[in-house]
Structure formats: structure tokens, C-alpha cells
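The listed protein sequences derive, respectively, from chains A and B.
For the first sequence, this note's numbering begins at 27 and goes up steadily by one.
For the second sequence, this note's numbering begins at 168 and goes up steadily by one.
Read the hints as simulated data drawn from the structure, not as lab findings.
Be a bit skeptical, because a hint or two may be false.
[What the hints assert, rightly or not] Here are some, though not all, of the chain B residues that point toward chain A, as calculated from beta-carbon distances under 10 angstroms:
1. I238
2. P241
3. R341
4. T342
5. G345
6. A360
7. L365
8. V401
[Unchecked claim] Each computed SDA-like pair below joins lysine to any residue, with the alpha-carbon atoms no more than 20 angstroms apart:
9. B/K468 to A/S118
10. B/K468 to B/A449
11. B/K468 to A/R115
12. B/K468 to A/D170
13. B/K468 to A/S175
14. B/K468 to A/T171
15. B/K468 to A/R157
16. B/K468 to A/R132
17. B/K468 to B/L456
18. B/K468 to A/G174
19. B/K468 to A/E172
All C-beta atoms, glycine included, are put in the ideal place defined by N, C-alpha and C.
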Amino acid sequence: MLEVDDLSISFGGLDALSGLGFSVAEREIFALIGPNGAGKSTVFNVITGLYRPSRGRVVLAGEDLLALASHQVARRGVARTFQNTEVFRRLSALDNVLVGRHAHLRAGAIRAALGLGAVRREEAEARRFARTLLARFGLEDVADTESGSLPLGLQKRLEIARALASGPRLVLLDEPAGGLNQTETQTLMEIIRRLRDESGLTIVVVEHDMELVMGISDRVAVLDRGRKIAEGTPREIAADATVVEAYLGSGSDA
Amino acid sequence: MRAAALGSGAVVVLGWPWAAPRYFVFLASLIAINAIVAIGLNLLTGYTNQLSFGHAGFLAIGAYAAALLTIQAPLVPLPATLLAAGLVTAAMGLALGVPCLRLEGLYLAMATLAFGFVVVEAILNLDWLTRGNDGLRVPAARIGPWALTTDTSRYYVVVTVAALLILAARNITRTRTGRALLAVRESEIAAQASGVHLAAYKTLAFVVSAFYTGVAGGLFALVVGFLSPDSFDVFLSVDFVAMIIVGGLGSILGSVMGAAVITTLNDSLAGFQSYRPLVFGAILIVSMLFMPGGIASALQKIQPRQGDRA
Chain A
27 MLEVDDLSIS FGGLDALSGL GFSVAEREIF ALIGPNGAGK STVFNVITGL
77 YRPSRGRVVL AGEDLLALAS HQVARRGVAR TFQNTEVFRR LSALDNVLVG
127 RHAHLRAGAI RAALGLGAVR REEAEARRFA RTLLARFGLE DVADTESGSL
177 PLGLQKRLEI ARALASGPRL VLLDEPAGGL NQTETQTLME IIRRLRDESG
227 LTIVVVEHDM ELVMGISDRV AVLDRGRKIA EGTPREIAAD ATVVEAYLGS
277 GSDA
Chain B
168 MRAAALGSGA VVVLGWPWAA PRYFVFLASL IAINAIVAIG LNLLTGYTNQ
218 LSFGHAGFLA IGAYAAALLT IQAPLVPLPA TLLAAGLVTA AMGLALGVPC
268 LRLEGLYLAM ATLAFGFVVV EAILNLDWLT RGNDGLRVPA ARIGPWALTT
318 DTSRYYVVVT VAALLILAAR NITRTRTGRA LLAVRESEIA AQASGVHLAA
368 YKTLAFVVSA FYTGVAGGLF ALVVGFLSPD SFDVFLSVDF VAMIIVGGLG
418 SILGSVMGAA VITTLNDSLA GFQSYRPLVF GAILIVSMLF MPGGIASALQ
468 KIQPRQGDRA
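Chain A extracted, bound-state conformation (with noise of 0.2 angstroms):
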């Protein structure tokens, strides 16, 4: 499904990844952990246009990925979240939700204007969709409220939300469990297994809840210092001396 190779981008002369590669099947959960700095959150923005990468390929069932803007690999069925949660903050709930679902709407800027009824049939028809993806996630009773002034658990759930409104195929977690206290985690967790076994998505998750990626994660693939280090079942890593060494020689706090 997600073939990363050879992937390699610098910031002034500072190697944030390094021949990177790792690939990812289809409904496969694969999370990526590291101490803070490995290059997790890099990954991402590489992946999803943000960066653009001194050599590597990203391929996307069969599509090169890295030839496109950010709003094209969006098109191409590639969702995310972000590490610092980015809902429009000043937009309610139901409104972060419809921007999810752009691409998928029709009406440009002349068309609503003139108020075509193809214009509102499509508009009464999204907002129905979106209600019920929120119901989903269990923020119906908050569709109307301003997205910023809700609990960072609902915003970072908002933010799955509208991910999945764009109806991906390929879902980038990250860090969705931080700041979340143990039973929004949990929660968290049965709602990314129901992406997979549900909506048939494939997710790849950066994470440092090592409960969360040890209790959800079909593989792991560890970086450090822009550099995978191991790769394995979740069972593997937690046994490998040399990701252990990782964490606990660099000090970080996972």
C-alpha cells in the first residue's frame, strides 16, 4: 500500500532522516516511535507533501507521491492528524468536519452564490454525512460548538474525524494520545482498531504511549537520530536490545 525508500532530507545541515524505508500493507497498523527529534513527525510531512525530500520515493499504491502538492496527495486518499492538534479552531465541529469532505463537494464559488439547488441538495447532503461522522465519534452533542473551546481528548477526536471525512484510504496518526489521560487513551484505541477493522483503513501511527503502540500495532519500526534502527511485531521490539538503548541512552520520556 505505502512504500517509503531511501528517504533522506536535511535542515541546515542537519540530517533530520537518512535513508529511510519501510513499507506498509494494506489494513496494517504500523507505528513509528523513536526518543523525541528521530524524524517521526518528518515522516509525515514528507509523505504528505509538506517537505520535499533530498532523495527517496514515497509510493502510494503505485503513484509517486512525492510529485504532488499538499492538497493533491489529500486528493489521493492520504489523511492526517497533527502532533500539535490543528482543528480551525474558530470553526465549530460540524464546520471542521465539512472541510474534511472539500474534495469530495462539488459547489464552487459562482454556483453558491446563484444559491443553485444543486448547490443546497449537496450542502443538506454533506452536513448529513457529517452529522453522522460525528455521531461516530460520539460528538454529536458538540456538532455546533467552536471547535477550540472543547477539551484537547474531543479535539484530538474531531481531528480523526475530519481526517476521515475526506474518505481515505491511508491514515497518518500523530501523536494521538498526547495529552490524553489513560481512559481517553483507551477509548483512542478502540477507535483507531474500528478504522481498520471497520472502515477497512490503513493507519500508520507515531506515538509515544508505548501502550497504545504496543496494544494496537501489527509492526513497529523504531528511528533515532533520522535512522531506523529495528523493525518488528510489537513483541520483537520490546525485546531488542538495541531499541533500548535508543530510549534510555538519549534520556527520552518515553
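Assemble chain B onto chain A, guided by the hints.
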């Protein structure tokens, strides 16, 4: 409640020329024209977070385009003239918007400010066309057999166009395009990740904003009847920004109210030119301190209405 407010508003607007003295009919036309500009500016600044201090330039382009068309081709019906003024200005919006894509915040404000100066200079230098500082007299426009020679007839034209453009703006802001603009304002990376083409929507905001302002310029030429470059100086651009700040960024209704407040205020202070900046500045500061969301959000707090953001 809502329908009652709308209905009584419509009665006041339609009955105004019969209730108010002639000068106030003219002033109401000016408010409606400024409201159109404020809506256009708000789509750019309030919705898409692109600050412009050059909208007097767009207004001038629309006004001169309409005036010259009326002079050169008196038989063209007024709606076509206004549409042409809007389209010419929208093309200028495109020409300005594309290079401005790389600019943000203060730099964008500076670039648009410079644009405003350039337009005034261009009007002065193209005096074979615009008659420069001597000014351009605009002949009365016609709709079919009727020449629009009275303030009242012009008022109805202005109010009709304003109503249509308000309606169009509401339709745009409440559907896909408006949400995409707001998403760009809130988070560019998250907007892109949702499939929003950043450059396209930032440019679209410029084009639509310029179109609105160009049509308003056409109406300005119609209502004022005389154009000269000093009607379009930088202070007018600042007034437009003040309208959307006082009225409410990201609000169509707020744009209209801001236009009403600032236009009326400007008019009442006309006799005290030296105190104008003082009063003006004070009002801006007070409104930003105590009504950070403008009149629109202050009203919403008094009477909360779920799911309504325009």
C-alpha cells in the same frame, strides 16, 4: 423573530427615501456602497486572513471603469456596466493576488498599500483618459427608458445591488468555498491536508473581493456623479479596514453594520476635520478592546443563536 427583524429592516430600507431628507437618502446610498466594499474586504481579510490596505484602489478602478463605459457607450444598460466594472476590477484583483501569494501579514499590508498609491498615480498620469486632477463628470446612467437623475432612483438601484451581493456572500460563506477560506485562515497546513488548494483559494479571495469592490465603485460613480483621484486616497482604504474591525471580522452582517457606523461617523465629523483622526482612533481602540469580535459578535453574545456565524 428573525423574520420580523428582516421584515421591519426591509420596510425601513424601502421606505427610507419617503421618510428621510434628500441628503440622508444620498448618505444611505453611500452606506450601502461601503457595505459592499466591506463585505468584499471581509472575504479577503476576515475570512482568509489577508490584510489589504489597498481597497480604495479597487474602488477607484471600478468607479473609473464604470464612468468611462457610461461615457463611451451610453446605450449599455446599467446592470451590464456594473458587471463590467466588477469584472475589470476582479481581473486587477487576480493580477495583484497572484504575486501577493508569497506575502503575509505586514508585508501583504505594505504591498496592498502600495497598490492603492499606484492606482491614484495611474489616474493622475492617464489624464487623457481619466482627466486626472480635473476630475471626471459621470453622465446619468439609464435603465431602459429611465434616466437615473434623482437620489431616490439611484438609492433603489444601490440598495437592490447591495441586497443581491449580500445574499450571494451569505451563500458563498455558508458553503464549501467559504469554509475553505475560513480553513485557510485557521490553519494552512490542516486546510491543505483536507484537500484545500491554498494558492487557489487565497487568489479566489482576492478576485471575489476585488469584484465586490469594483461593483461598489461602479455604484459610487453613479451616486456621486463626479470622480477625482483624491476621492480614493489611502485614508479611504483605512476606513474600509476600520469598518470590518468595528463590524466584525469574518461576518457578512458585521460588514454591513461596520459600514453604517463608520460612514455615518465620517459624515458627522465632516465639519470637524482636525478632530476626525482623534475620534476615529479612539473608536477603533475602544471597539478592539471591548468588542474584539466587532458588533456582530457582541450582538451574538446578547442573543446567542446556534450554528449562525454570518
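Each hint, compared with the structure:
Interface hint status for B/I238: violated, as the beta-carbon distance to the closest one in chain A is roughly 29 angstroms, over 10 angstroms. A hinted interface residue such as B/P241 counts as satisfied when its beta carbon comes closer than 10 angstroms to some beta carbon of chain A; here the least separation is about 29 angstroms, so the hint is violated. Checking B/R341 against chain A: minimum C-beta separation of about 8 angstroms stays under 10 angstroms; hint holds. Here the hint on B/T342 is kept, as its CB sits about 4 angstroms from the closest CB of chain A, short of 10 angstroms.
Hint status for B/G345 relative to chain A: holds, with the closest Cβ pair at about 8 angstroms, below 10 angstroms. Satisfaction of the interface hint for B/A360 is found here, the shortest Cβ-Cβ separation to chain A being roughly 5 angstroms, below the 10 angstroms cut-off. Below 10 angstroms, beta-carbon pairs count as interface contacts, and B/L365 has one with chain A at about 7 angstroms; its hint therefore holds. Proximity of B/V401 to chain A is violated relative to the hint, the smallest CB-CB distance being about 29 angstroms (cut-off 10 angstroms).
Using a Cα cut-off of 20 angstroms, the hinted pair B/K468 and A/S118 holds, with the two alpha carbons roughly 16 angstroms apart. Note on B/K468 and B/A449: the hinted pairing is violated, with a Cα-Cα distance of about 23 angstroms set against a maximum of 20 angstroms. About 18 angstroms separates the Cα atoms of B/K468 and A/R115, which keeps this hinted pair within 20 angstroms; it holds. In summary, the hint linking B/K468 to A/D170 is supported, as the alpha carbons are separated by about 15 angstroms, within the 20 angstroms threshold.
Between the alpha carbons of B/K468 and A/S175 the distance comes to roughly 16 angstroms, so the proposed pair stays at or under 20 angstroms and holds. With a C-alpha separation of about 14 angstroms, the suggested pairing of B/K468 with A/T171 holds against the 20 angstroms cut-off. Between B/K468 and A/R157 the CA atoms are separated by roughly 25 angstroms; this puts the pair beyond 20 angstroms, and the hint is violated. Note on B/K468 and A/R132: the hinted pairing is violated, with a Cα-Cα distance of about 34 angstroms set against a maximum of 20 angstroms.
Under the criterion of a C-alpha separation no larger than 20 angstroms, the hint pairing B/K468 with B/L456 is consistent with the structure, at around 16 angstroms. Between B/K468 and A/G174, the direct Cα distance comes to roughly 17 angstroms. Compliance with the 20 angstroms bound is thereby established for this hinted pair. For the hint linking B/K468 to A/E172, the alpha-carbon distance of about 14 angstroms falls within 20 angstroms, and the restraint holds.
Checked against the numbered hints above, the structure breaks hints 1, 2, 8, 10, 15, 16 and satisfies the rest.
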